[in-house]
Every structure is written in structure tokens, then in C-alpha cells.
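Participant: Throw the hints in and build the complete structure from the sequences for me.
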Amino acid sequence: MVQLRGQNRVITTCTVKNGVVEDFSSISLSGIGVRTFIDGKSWGFSSTNKLDFKSTEQALDNSFKLAKASSQLKKQRIVLEQVKGKTIDLFSPVKKPPHSFCTEDIVNIPLEAYKGAKEAGSRVADIKATYVSIEDKKHFLDTEGARIHQTTTRVLLFINIIAKSNGLLCPISENVGHTGGLELFDKVSPYSLGKKAAENASRLLNAKAPPSGRFNVVIHPTLCATLLHEAIGHPLEADLAMAGGGFGDHIDELVSSKLVTIYDDGTTPYGLGYFPYDDEGVECNRTILIENGLLRSFMHDKTSAALSNVSPTGNAHAWDYSVEPLIRQTNIGLQAGDYSMEELVEDVKEGLFLEGTFGGQANINADFTFGFQRSKWIRRGSLAEEMRGANVAGNAIKVFKTIDAVGKMSVLRPGACGKYQSAIQGRIVPAVRCKILVGGTGD
Amino acid sequence: MISNTDRFFLTDAVHKSVKALEKKGISQVEAFYTNSHATEVSIRNSEILTQNQVYDAGVGFRVVVTGGKVGFASTNVLNEKAILEAGEKAFAIAKVSSEVPNFALPKGGQPPEIRGLFDSRVAEITAEEAIDVAERAMKAAEGFDKRVIAKDGLILFQSGWRGVVNTLGVDFEEPETRAVIYLSASGKQNGEVTGSCSDFLFSREADVKPEIVGESVGKKVVELFKPQPIKSFQGTVVFSPQAVSYQLAHVLIDALKGDTVISGRSAWTGKLGEMVASEKLTVTDNALLEKGFASRGFDDEGCSSQKTILIKKGILESNLHNATSAKALATKNTGNASRSSGGFNIVRMIIGNGYRAKPDIYPSNLVIQSGNNTKEDLISKISKGVLVESMAGFPQAGSGIISAQLSRAFYIKNEEIQFPIKGGMVSGVAFAWFKRISGVGSDAKQFQNAIVPSVMIEELKIVGP
Numbered sequence: 020m021v022q023l024r025g026q027n028r029v030i031t032t033c034t035v036k037n038g039v040v041e042d043f044s045s046i047s048l049s050g051i052g053v054r055t056f057i058d059g060k061s062w063g064f065s066s067t068n069k070l071d072f073k074s075t076e077q078a079l080d081n082s083f084k085l086a087k088a089s090s091q092l093k094k095q096r097i098v099l100e101q102v103k104g105k106t107i108d109l110f111s112p113v114k115k116p117p118h119s120f121c122t123e124d125i126v127n128i129p130l131e132a133y134k135g136a137k138e139a140g141s142r143v144a145d146i147k148a149t150y151v152s153i154e155d156k157k158h159f160l161d162t163e164g165a166r167i168h169q170t171t172t173r174v175l176l177f178i179n180i181i182a183k184s185n186g187l188l189c190p191i192s193e194n195v196g197h198t199g200g201l202e203l204f205d206k207v208s209p210y211s212l213g214k215k216a217a218e219n220a221s222r223l224l225n226a227k228a229p230p231s232g233r234f235n236v237v238i239h240p241t242l243c244a245t246l247l248h249e250a251i252g253h254p255l256e257a258d259l260a261m262a263g264g265g266f267g268d269h270i271d272e273l274v275s276s277k278l279v280t281i282y283d284d285g286t287t288p289y290g291l292g293y294f295p296y297d298d299e300g301v302e303c304n305r306t307i308l309i310e311n312g313l314l315r316s317f318m319h320d321k322t323s324a325a326l327s328n329v330s331p332t333g334n335a336h337a338w339d340y341s342v343e344p345l346i347r348q349t350n351i352g353l354q355a356g357d358y359s360m361e362e363l364v365e366d367v368k369e370g371l372f373l374e375g376t377f378g379g380q381a382n383i384n385a386d387f388t389f390g391f392q393r394s395k396w397i398r399r400g401s402l403a404e405e406m407r408g409a410n411v412a413g414n415a416i417k418v419f420k421t422i423d424a425v426g427k428m429s430v431l432r433p434g435a436c437g438k439y440q441s442a443i444q445g446r447i448v449p450a451v452r453c454k455i456l457v458g459g460t461g462d
Numbered sequence: 008m009i010s011n012t013d014r015f016f017l018t019d020a021v022h023k024s025v026k027a028l029e030k031k032g033i034s035q036v037e038a039f040y041t042n043s044h045a046t047e048v049s050i051r052n053s054e055i056l057t058q059n060q061v062y063d064a065g066v067g068f069r070v071v072v073t074g075g076k077v078g079f080a081s082t083n084v085l086n087e088k089a090i091l092e093a094g095e096k097a098f099a100i101a102k103v104s105s106e107v108p109n110f111a112l113p114k115g116g117q118p119p120e121i122r123g124l125f126d127s128r129v130a131e132i133t134a135e136e137a138i139d140v141a142e143r144a145m146k147a148a149e150g151f152d153k154r155v156i157a158k159d160g161l162i163l164f165q166s167g168w169r170g171v172v173n174t175l176g177v178d179f180e181e182p183e184t185r186a187v188i189y190l191s192a193s194g195k196q197n198g199e200v201t202g203s204c205s206d207f208l209f210s211r212e213a214d215v216k217p218e219i220v221g222e223s224v225g226k227k228v229v230e231l232f233k234p235q236p237i238k239s240f241q242g243t244v245v246f247s248p249q250a251v252s253y254q255l256a257h258v259l260i261d262a263l264k265g266d267t268v269i270s271g272r273s274a275w276t277g278k279l280g281e282m283v284a285s286e287k288l289t290v291t292d293n294a295l296l297e298k299g300f301a302s303r304g305f306d307d308e309g310c311s312s313q314k315t316i317l318i319k320k321g322i323l324e325s326n327l328h329n330a331t332s333a334k335a336l337a338t339k340n341t342g343n344a345s346r347s348s349g350g351f352n353i354v355r356m357i358i359g360n361g362y363r364a365k366p367d368i369y370p371s372n373l374v375i376q377s378g379n380n381t382k383e384d385l386i387s388k389i390s391k392g393v394l395v396e397s398m399a400g401f402p403q404a405g406s407g408i409i410s411a412q413l414s415r416a417f418y419i420k421n422e423e424i425q426f427p428i429k430g431g432m433v434s435g436v437a438f439a440w441f442k443r444i445s446g447v448g449s450d451a452k453q454f455q456n457a458i459v460p461s462v463m464i465e466e467l468k469i470v471g472p
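Protein chains in written order, with the working numbering: chain P, 20 to 462; chain V, 8 to 472.
Hints in this document: simulated from the structure, not taken from any laboratory. Just so you know, not all the hints are guaranteed correct.
[Unchecked claim] With a straight-line Cα cutoff of 27 Å, these simulated DSS-like cross-link-like pairs (lysine-lysine) come out:
1) V:238 / P:420
2) P:73 / P:156
3) P:417 / V:195
4) V:238 / P:227
5) P:94 / V:153
6) V:452 / P:438
7) V:339 / V:420
8) P:156 / V:96
9) P:114 / V:298
10) V:429 / P:417
11) V:278 / P:36
12) P:417 / V:468
13) V:278 / V:298
14) P:137 / V:153
15) P:454 / V:278
16) V:226 / P:94
17) V:429 / P:454
18) V:26 / P:417
19) V:26 / P:69
[Said to hold, decoys possible] Residues of chain P clear of chain V, computed beta-carbon distances all greater than 10 Å:
20) 59
21) 232
22) 364
23) 368
Backbone N, C-alpha and C fix where the C-beta goes; we use that ideal spot for every residue, glycine too.
Facilitator: What follows is the structure in C-alpha cells.
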């Protein structure tokens with residue numbers, strides 16, 4: 020079996036820092052990656068950005084030799100599921116393609132975010148806004164006859180603010196992103212986003228640091244996105260699960276609160292993880308991972324699916340042509356529940372409301388940690404004084420068993436992940452209430 | 008291995024493009040180009056998962072037009088036309104950009120020759136040899152104790168060339184090789200699964216010793232069985248090199264960068280000459296170290312490398328600079344332009360490193376000067392505290408807040424290690440921690456961009472689960 024992936028990618032970035040267009044870049048990348056599977060057990064992979072026929076042949080030859088080199092050492096036989104080869108030409112919906120806009124129009128996007136942030140007052144010390152677009156043309160073909168072409172456009176905006184007063188620094192970041200074009204900014208105004216981030220940063224200068232210890236917490240969707248991805252998303256990736264961590268072989272067992280239903284869906288419109296087909300040519304539809312607390316499935320590529328005797332779920336994704344696909348989340352979702360935000364807070368006698376993400380990490384044994392940007396005390400069912408950010412930590416299986424309420428409003432959030440290689444993904448999340456360890460620096 | 012044809016083609020095409028752009032009356036042009044070949048073997052669950060070979064080459068242009076307006080464009084399409092087009096695109100972008108205050112490129116110089124950056128045996132390594140290294144690392148870990156399972160690992164042998172040319176007289180090339188072993192394992196006994204323990208080796212040479220990495224990981228795993236929770240307390244913490252190289256170094260680096268100082272993003276803005284840390288702390292940036300993993304003759308915009316004292320006995324002596332930040336602060340360029348900076352930057356993650364990116368400011372080898380104490384000596388001074396071998400969680404650059412999960416940590420009482428800690432976090436502001444450093448170990452270890460020993464810090468807050 021041979022899989023060949025070719026790709027053309029154009030990345031455009033524009034950074035406005037404190038009003039100055041500090042960077043405008045255009046990055047054009049092309050290349051091919053060849054993957055060969057031999058002897059029913061061994062993969063080899065080789066990639067190159069030399070695009071002549073001879074180099075492609077060389078890459079194919081390399082990938083075969085590499086597969087051969089470790090074949091004898093492989094213990095497990097892998098019977099890959101045959102996927103009927105299809106010829107498909109897919110274009111992700113784009114109303115305003117970035118390449119049809121002039122430089123000034125692009126510059127205006129982060130510039131507007133800067134102007135909004137500037138409105139928040141003199142304590143805003145540093146404002147950085149970065150626009151990124153990624154325009155991809157991907158071609159997949161294999162020896163089973165698949166010929167899949169996918170053209171995808173993604174647009175993102177990152178805003179990083181530092182507010183400063185009396186030597187105290189307070190960082191806040193906001194970001195938006197979707198699969199689609201510049202119509203993103205018809206829905207979300209860069210100006211308002213910048214303004215909101217800067218106002219938060221300035222206000223937090225007066226706030227105290229959060230406490231430390233185990234708390235009842237209400238987690239806002241902006242942070243729940245990270246909780247979902249890091250804490251429970253990673254342990255549901257078959258390669259990590261097979262490494263013996265977390266959910267191991269607990270299929271059809273209760274692994275979480277009954278209020279929890281989690282899925283992964285490569286077809287969610289606008290989701291940054293919009294991939295109708297993965298990088299092994301497998302369709303990437305909705306996969307139910309946890310249903311009312313019961314573990315139903317892991318996210319699989321062809322190899323892990325073969326080893327688990329199930330069908331692949333379309334979760335084999337490579338960051339670009341130069342690297343091999345591995346098991347990744349696409350758009351991971353937590354099904355919404357019945358609670359309004361007020362109701363989530365109302366039942367908490369004493370606890371914390373956590374909001375905004377600073378990113379996190381997960382360990383093979385389902386331990387996780389991630390940061391929140393700001394918080395509030397909850398006292399007697401009401402939101403009280405605001406505090407700054409810190410990190411939380413825990414074990415996914417234990418924490419997800421403590422979820423006793425799920426919010427009714429889901430939002431689609433952008434996300435990124437650095438598992439072995441880069442990835443950008445979507446998260447569809449409501450707010451949740453649970454118990455978690457908070458590592459605040461306050462009293 | 009990279010053929011001479013490929014190498015000379017790129018060098019030649021880049022130089023031709025720079026000349027062609029110069030003829031258009033552009034004030035300054037810079038091209039940064041690399042050519043690399045890597046053989047990688049990855050390990051998952053006691054098996055070789057896969058092996059890869061990646062060839063990559065490309066060029067990134069920075070074009071400056073009158074008034075300091077800058078454009079950047081890069082390509083990996085390897086023909087003369089595409090390379091020139093990338094340069095022209097950078098020019099087109101520069102014309103519509105706004106002025107970058109104090110923008111500067113380095114002038115030509117005479118970069119020092121650093122020994123031990125290239126080992127031809129790395130360039131010639133075969134897939135079989137790389138697989139053998141992976142097998143030996145796994146066997147050493149699992150052979151150490153039957154409860155140890157190799158979970159995850161990566162063996163990398165990379166060789167290549169890096170070149171910079173600009174219209175101010177910079178025109179340098181440097182070959183380099185890299186060998187990396189990363190192995191992570193966890194342990195299993197009676198249903199108990201430990202968190203993963205890892206070790207690294209960063210070398211310029213082919214004759215790496217995978218057994219050392221494997222055994223070290225095996226030993227780490229066995230030490231982690233039967234962890235116990237602890238109650239929150241304040242005590243002395245010894246951070247091992249691995250913990251220092253990650254969260255602590257990240258906060259330190261961010262505060263030392265010239266660009267964060269200029270924008271006021273650094274907590275050490277305006278503090279040159281002041282005491283910012285305990286007198287036990289001396290930090291240098293040293294790109295000149297023989298065989299150093301991040302050593303280089305010139306930085307990623309062509310400034311000659313040097314050794315820079317950043318913090319001397321707790322006093323802030325210098326920041327890390329590239330040509331632009333040095334010009335803005337009217338100080339000497341320290342040669343810290345880097346196109347493969349570490350840290351946690353999503354935009355960088357999307358763009359990639361090397362020719363794909365404009366340079367940032369980042370250390371070469373950030374060296375924390377070692378002390379005379381072994382880690383055991385440091386522990387023997389602690390009545391109640393924690394040894395943190397590794398921790399998880401991003402530190403908050405700027406504010407310096409670290410609130411990290413203890414992924415491999417041990418409780419210390421009465422001058423001795425008692426047991427591994429289950430759950431728990433350590434939290435505080437790293438800038439305050441630096442002032443309370445009470446000891447530095449003699450056990451410095453090389454990481455990707457740092458050479459750091461154990462560091463002992465007083466009065467730290469440990470949070471129990």
C-alpha cells in the first residue's frame with residue numbers, strides 16, 4: 020500500500036504591534052510526502068520539497084526502504100481496512116478568499132484590533148495583533164484508487180495585550196478563527212475584540228491573585244474548550260489510549276459523569292478542524308466518543324483501528340506534506356446540557372468562576388494542566404470579586420466524574436495543539452461545573 | 008545526505024536573486040536559506056512506530072525600502088524563478104508596509120569558527136543505524152526493570168547548511184549536524200500506572216549513547232511508584248535541570264529579550280545594573296561553546312556570535328539583542344537573532360521555523376553557571392521541601408506566574424527524600440523566586456537552547472491535591 024500526499028500552502032501573516040505594521044509575510048510551501056506499508060506490519064515515510072519526477076521516485080524508494088528496515092522488528096500484524104478508492108474534489112466554503120484582498124485590506128484587520136485595544140486606556144502597555152490566513156490545496160492518492168483533492172481556507176486573528184501598572188504586568192489574549200475567508204470579520208469585529216481584551220487586562224491590574232486548593236468551579240466555554248481538548252480529548256486519541264493511559268480498554272464502561280456526551284466531527288461548518296477527509300483518505304464524520312458517560316469509541320487512524328478491530332474514524336491528520344499523519348482531534352464537541360449560566364452559578368455556595376485560556380498540556384495517564392486568564396469568586400450562588408489567572412490541574416477521569424451540570428449554550432472556539440507536530444482544530448463547547456485543583460498564587 | 012548539486016544550486020540561486028533585487032534600487036536585501044536532511048525514528052508502546060526521512064530546503068527574503076519599511080516572503084519551491092519571485096514579493100510587501108522604527112540588519116564581519124558543529128557521520132547515518140539507536144534506548148529502559156514500558160520516543164539525526172547573505176556585506180554559510188534522543192516511559196504494577204518520565208540527549212555527534220538515556224528513564228520510572236498526596240505547605244524546592252530548562256528558563260528568557268524590554272512587556276524593563284536575582288545566579292548566553300547544541304558562528308541574520316554575560320551574581324548586566332533591538336536601545340548587538348525560537352507561540356507553530364520565518368530574539372545556549380553542590384548536597388540542607396524533577400503547565404511570560412502541576416516530584420523531610428508526590432502543584436511568581444535562590448547544583452545538562460543545573464529556591468508554595 021502506498022499513500023501519496025501533495026500540497027501547496029500559502030500562509031499570509033500580518034502583525035501590528037503598538038500601531039506599527041511590524042510584520043507582513045507571505046510563505047509559499049509545496050511538497051510531497053510518500054508513505055509505504057509493507058509486510059502487513061510496517062510503515063515508512065519520506066518527504067521532499069523537490070517536485071521533479073526523479074525526487075518523487077526517490078521519496079517513494081526511501082519510504083519503502085525505511086518500512087523494510089524495521090519490518091523484522093515489528094511484533095504486531097496489522098490488517099488495514101480497505102477503503103474503496105473515491106475520486107473527490109472538495110472546496111471548503113469561502114465567501115471572501117484572502118488572496119483576493121489587497122495588502123491594505125489585510126493590514127486593516129490587526130490594525131482595527133489595535134485601535135480597539137488602544138481605547139481601553141493608558142495602562143495598556145503593549146498591544147500585538149496578528150492576522151493569519153492559511154490557503155491549502157491538498158491532493159491525496161493511494162494504491163486503493165483514492166484521488167481526493169481538498170481546497171481549504173482558514174483565517175485567524177490573535178490578540179495579545181499586556182497591561183501594566185506599578186511594575187505589575189497583566190497579560191490577556193483573545194483569538195478567533197474559522198475555516199472560511201475574511202467573512203469571519205463580518206461576524207466578529209477585530210475592533211471590539213481588541214477593546215474587550217485590553218479592558219480585561221487593565222481591569223485585572225486591580226484584581227488579586229486567585230487562591231489555591233480544590234474548588235467547585237464553573238468553567239466558561241472559552242476555558243472549557245481547553246478542558247475538553249487537553250483533559251479528555253487527548254486520552255480519547257487511540258494512540259495515547261493504547262499507550263495504557265487513562266481510558267485504556269474501558270469501552271462501554273461508565274468513565275465520566277452521565278451528563279457528558281463527547282464527539283469529534285470533521286464536518287462542523289466553520290470549525291477550524293473542518294476536514295471532510297483525513298490524510299489517509301478516510302471520511303471524517305461525527306464519531307461519538309462518550310455517550311451519557313459511557314465510553315463508546317476512540318479516535319482512530321487506519322493502523323490503530325486495525326489493531327482495535329474497528330473501523331477508522333478519519334482522525335489521521337498531518338500538519339503538512341512533510342510529516343506523517345497521526346491521530347488528531349478535528350472539531351471536538353461536548354453536547355450542551357440544560358443549565359443557563361445563572362443556574363450554573365446559583366447552586367455554588369463557595370467556588371470559582373474560571374474564564375479565558377492560556378493553553379495546557381496532557382500526560383499519558385490522563386493527568387492534565389492548563390491555564391485560565393481570569394476568575395471570579397462565587398459566594399452563596401452569586402458572582403463576586405474578580406481575580407487574575409493561574410493554572411488548574413487534575414486527572415481527566417476523576418475531574419470528568421465530578422461534572423454535575425452542563426450549560427445550554429454551545430460555542431465554536433478555535434484551538435491549537437502541539438502533539439508531535441502542529442495542528443489547528445475546532446472545539447464546540449458549553450460551560451460546565453465540576454471540582455478541580457487550582458494553583459493560584461494568592462491567599 | 009544532501010548532494011553538492013542541491014546545495015550549490017540553492018546558494019547560487021539565492022545570490023543571483025539578491026543581486027537582481029539590488030539592481031532595482033532596493034536599499035537593503037537579506038536572504039536566509041537552509042538545506043536539511045533528517046532521519047527520524049519514532050517509538051510508541053515498546054515498538055518502533057515508524058521511520059521518516061525528510062528533505063527540506065528553502066529561502067526567506069527580507070527586503071527593506073527607504074524609511075525602514077520591511078517585507079518578508081519565503082518559499083521552498085526550488086527553482087530560480089520561484090526564488091526570485093519570493094524576493095520580489097517581499098519587495099512588493101515592503102512598499103506598502105509601515106516603517107519599523109530602528110530597523111537594522113547587521114553589517115558583514117568575521118564570524119568565529121566554532122568547533123564541533125558538524126559530524127559527517129550524522130550526515131551518513133542509515134535508517135538501520137537510527138533504528139538500532141531506538142531499539143537500544145528502549146531495551147535499556149525496559150531492561151532496567153520489568154515494570155517499565157517505553158511509551159514514546161524520538162531519534163533524530165539531522166544534517167544541513169544554514170546561510171545568510173545581505174547587501175551590507177554579510178555572506179556566510181555554516182554546516183551543522185544534530186542528534187537527538189528523546190525517550191519517555193511509564194511503569195505498571197498491580198494496576199498502578201505511573202505518570203510518564205522522560206529524558207533527552209542533545210548532541211552534535213553521531214556516536215550517541217542511547218543506553219544512558221534508556222537507563223536514566225527506567226530509573227526515573229521505578230522511583231515514581233507508590234506516590235502519596237501531601238498537604239499544602241511552604242518550603243524549600245530543588246528544581247532539577249529538566250524543570251529549570253522549561254518553565255523557569257522560559258520566564259527568564261522572555262524577561263531578557265531586547266524586544267520585550269523595548270515594548271515594556273519585560274518585568275526587567277529599565278533594570279540594567281540592578282539586582283534582579285539572588286547573588287547565586289549568574290546567567291550567560293554562549294554561542295561559542297565547542298559542540299554546543301545551539302552554538303553557531305553567526306546568528307540567523309548574520310551577526311557574529313559571542314558570549315554575553317546577562318546576569319552576574321544577581322545583577323542584570325545585559326539583554327539579548329538582534330540588530331534592530333540593539334539599535335533601538337543604542338547598545339551592542341549580542342547576536343541573538345533566531346529563526347527557531349522556542350516558547351509557546353501559536354503563530355510560530357503555524358508558520359514553522361528556519362527559512363519560513365523572520366528572526367525573533369532567542370538565546371543560543373542559555374547557560375546558568377553551575378555551583379559546587381551535587382543535587383544530594385542541596386537536598387541534605389532541606390528540613391522540609393520538595394524535589395521537582397519535572398512539572399507541566401505553561402508559565403505566564405511577562406507576569407512570571409508559574410503554577411505548574413508536579414509531574415515528577417518528591418517530598419523531602421529531615422534532609423532526605425521520603426516519597427514521590429501524587430498530584431499537587433507549585434505556584435508563585437518566578438521573578439520573586441529568582442531572588443530567593445539559595446543554591447545551584449553542579450549537575451548542568453544540555454537542552455535544546457539551555458545548559459542548566461539544579462536550582463534550589465526558598466519559601467515556595469506547594470499546593471496539595
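Participant: Against each hint, give a clear statement of whether it holds in the structure.
Facilitator: Evaluation of the provided hints:
no.: 1; hint: V:238 / P:420; in the structure: holds (23 Å)
no.: 2; hint: P:73 / P:156; in the structure: holds (22 Å)
no.: 3; hint: P:417 / V:195; in the structure: holds (19 Å)
no.: 4; hint: V:238 / P:227; in the structure: holds (24 Å)
no.: 5; hint: P:94 / V:153; in the structure: holds (18 Å)
no.: 6; hint: V:452 / P:438; in the structure: holds (25 Å)
no.: 7; hint: V:339 / V:420; in the structure: violated (48 Å)
no.: 8; hint: P:156 / V:96; in the structure: holds (21 Å)
no.: 9; hint: P:114 / V:298; in the structure: violated (53 Å)
no.: 10; hint: V:429 / P:417; in the structure: holds (14 Å)
no.: 11; hint: V:278 / P:36; in the structure: holds (23 Å)
no.: 12; hint: P:417 / V:468; in the structure: holds (24 Å)
no.: 13; hint: V:278 / V:298; in the structure: violated (33 Å)
no.: 14; hint: P:137 / V:153; in the structure: violated (60 Å)
no.: 15; hint: P:454 / V:278; in the structure: violated (42 Å)
no.: 16; hint: V:226 / P:94; in the structure: holds (26 Å)
no.: 17; hint: V:429 / P:454; in the structure: holds (17 Å)
no.: 18; hint: V:26 / P:417; in the structure: violated (63 Å)
no.: 19; hint: V:26 / P:69; in the structure: holds (24 Å)
no.: 20; hint: 59; in the structure: holds (15 Å)
no.: 21; hint: 232; in the structure: violated (7 Å)
no.: 22; hint: 364; in the structure: holds (24 Å)
no.: 23; hint: 368; in the structure: holds (21 Å)
Consistency note: the structure conflicts with the earlier hints numbered 7, 9, 13, 14, 15, 18, 21.
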